[in-house]
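Kindly generate the complete structure, drawing on both the sequences and the hints.
Each protein sequence line maps, in turn, to chains A and B.
Quick note: the first sequence uses my numbering, first residue 79, plus one each step.
Quick note: the second sequence uses my numbering, first residue 34, plus one each step.
Hints are computed from structural coordinates only; laboratory data are not their basis.
Take these hints with a grain of salt, some might be off.
[Claimed, not checked] Sample of chain B residues at the chain A side, in silico, Cβ under 7 angstroms:
#1 G75
#2 L76
#3 F98
#4 F135
#5 P137
[As the list claims (entries may be wrong)] Below, computed lysine-lysine pairings styled on DSSO-like, alpha-carbon distance capped at 27 angstroms:
#6 B:K101 - A:K120
#7 B:K111 - A:K178
#8 B:K57 - A:K178
#9 A:K145 - A:K178
#10 B:K57 - B:K101
#11 A:K186 - A:K134
[Said to hold, decoys possible] Across the chosen pairs, the derived CB separations fall in these ranges:
#12 A:Y117 - B:E51: 30 to 36 angstroms
#13 B:G61 - A:R138: 26 to 32 angstroms
#14 B:D96 - A:P191: 47 to 53 angstroms
#15 A:Q158 - B:V86: 38 to 44 angstroms
#16 B:H43 - A:S86: 42 to 48 angstroms
#17 A:N144 - B:S60: 34 to 40 angstroms
#18 B:E51 - A:Q158: 41 to 47 angstroms
#19 A:K120 - B:P114: 27 to 33 angstroms
#20 B:K101 - A:P159: 40 to 46 angstroms
Glycine is no exception: its CB is placed at the ideal position from the N, C-alpha and C atoms.
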Amino acid sequence: QKEVEQNSGPLSVPEGAIASLNCTYSDRGSQSFFWYRQYSGKSPELIMFIYSNGDKEDGRFTAQLNKASQYVSLLIRDSQPSDSATYLCAASMNSGGYQKVTFGIGTKLQVIP
Amino acid sequence: DAGVIQSPRHEVTEMGQEVTLRCKPISGHNSLFWYRQTMMRGLELLIYFNNNVPIDDSGMPEDRFSAKMPNASFSTLKIQPSEPRDSAVYFCASSLFRGQYFGPGTRLTVL
Numbered sequence: 079q080k081e082v083e084q085n086s087g088p089l090s091v092p093e094g095a096i097a098s099l100n101c102t103y104s105d106r107g108s109q110s111f112f113w114y115r116q117y118s119g120k121s122p123e124l125i126m127f128i129y130s131n132g133d134k135e136d137g138r139f140t141a142q143l144n145k146a147s148q149y150v151s152l153l154i155r156d157s158q159p160s161d162s163a164t165y166l167c168a169a170s171m172n173s174g175g176y177q178k179v180t181f182g183i184g185t186k187l188q189v190i191p
Numbered sequence: 034d035a036g037v038i039q040s041p042r043h044e045v046t047e048m049g050q051e052v053t054l055r056c057k058p059i060s061g062h063n064s065l066f067w068y069r070q071t072m073m074r075g076l077e078l079l080i081y082f083n084n085n086v087p088i089d090d091s092g093m094p095e096d097r098f099s100a101k102m103p104n105a106s107f108s109t110l111k112i113q114p115s116e117p118r119d120s121a122v123y124f125c126a127s128s129l130f131r132g133q134y135f136g137p138g139t140r141l142t143v144l
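Okay, here's the thing in structure tokens:
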């Protein structure tokens, strides 16, 4: 069982709608959580991180963390075609004195004009 | 500031040949990661260095793979001998605190 689970999609949303990307993790020792955006043929790009329960907002992006449910989500408001990409969720935990990071498989988002 | 630099960007080689991938992390970052990405398996961590010391190489597939970090500004990932199943995109990433910053990747094709 993969430690960080994501639906591979594709998730299709109309332009202007809210895109909701979800991620679950299995290790309760996970402390920090990251969302990366990866355009086709490009490298992953860090867009948000969160480590406290609740919401964290940055522009059109909101990351949500619920440690009790072991659930992380990313909301993208007013979705644009340029948001079409694969979104990778990652969880970090302290392992042997260093931060071990595990990535999910990624969810492909398609924003339809 | 320049981001993570990787070379070559593309590599096509024949089975059995040695392949060396290179990475220059962001100046000041103390952690360096090598990943392999395929459609089937996603992003897999191969090895992680902290302050130039290998910390976790449990993701290195087998003895054909080796990685070095002789100083804070340079790392190599070597595959010898290469096999067709090694075909993938290899990313190097560096980090200081939270989050990793990825290089553009090397697309490796082994024929």
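Pair hint A:K145 and A:K178, alpha-carbon separation not exceeding 27 angstroms = With Cα atoms ~18 angstroms apart, A:K145 and A:K178 stay inside 27 angstroms; holds.
With 42 to 48 angstroms as the target window, see if B:H43 and A:S86 comply at their CB atoms.
-> Once the Cβ atoms are compared, 26 angstroms apart, the range 42 to 48 angstroms for A:S86 and B:H43 is violated.
Given a hinted range of 34 to 40 angstroms, is it respected by the beta-carbon distance of A:N144 and B:S60?
-> 37 angstroms, holds
B:G61 versus A:R138 beta-carbon gap, inside 26 to 32 angstroms or not = For A:R138 against B:G61, whose Cβ atoms are near 30 angstroms apart, the range 26 to 32 angstroms holds.
A:Q158 versus B:V86 beta-carbon gap, inside 38 to 44 angstroms or not | 43 angstroms, holds
Closer than 7 angstroms between Cβ atoms is the bar; does B:G75 clear it against chain A? Give me holds or violated.
-> Cβ of B:G75 sits 4 angstroms from chain A, so the hint holds.
Hint check: is the beta carbon of B:F135 less than 7 angstroms from a beta carbon of chain A?
-> 4 angstroms, holds
Please test the hint of 27 to 33 angstroms on the beta carbon pair from A:K120 and B:P114.
-> Given about 30 angstroms between the Cβ atoms, the range holds.
Satisfaction of the B:F98 interface hint, Cβ to chain A closer than 7 angstroms = 19 angstroms, violated
Using the C-beta atoms of B:K101 and A:P159, is the stated range 40 to 46 angstroms upheld?
-> Cβ of B:K101 to Cβ of A:P159: about 42 angstroms, so the range 40 to 46 angstroms holds.
For the pair supplied as a hint, B:K101 and A:K120, is the alpha-carbon distance within the 27 angstroms limit?
-> The given pair, whose Cα atoms are some 25 angstroms apart, holds under the 27 angstroms limit.
Do A:Y117 and B:E51 keep their Cβ atoms within the hinted range of 30 to 36 angstroms?
-> About 31 angstroms separates the Cβ atoms of A:Y117 and B:E51, which means 30 to 36 angstroms holds.
In this structure, the earlier hints numbered 3 and 16 are contradicted, and the remaining ones agree with it.
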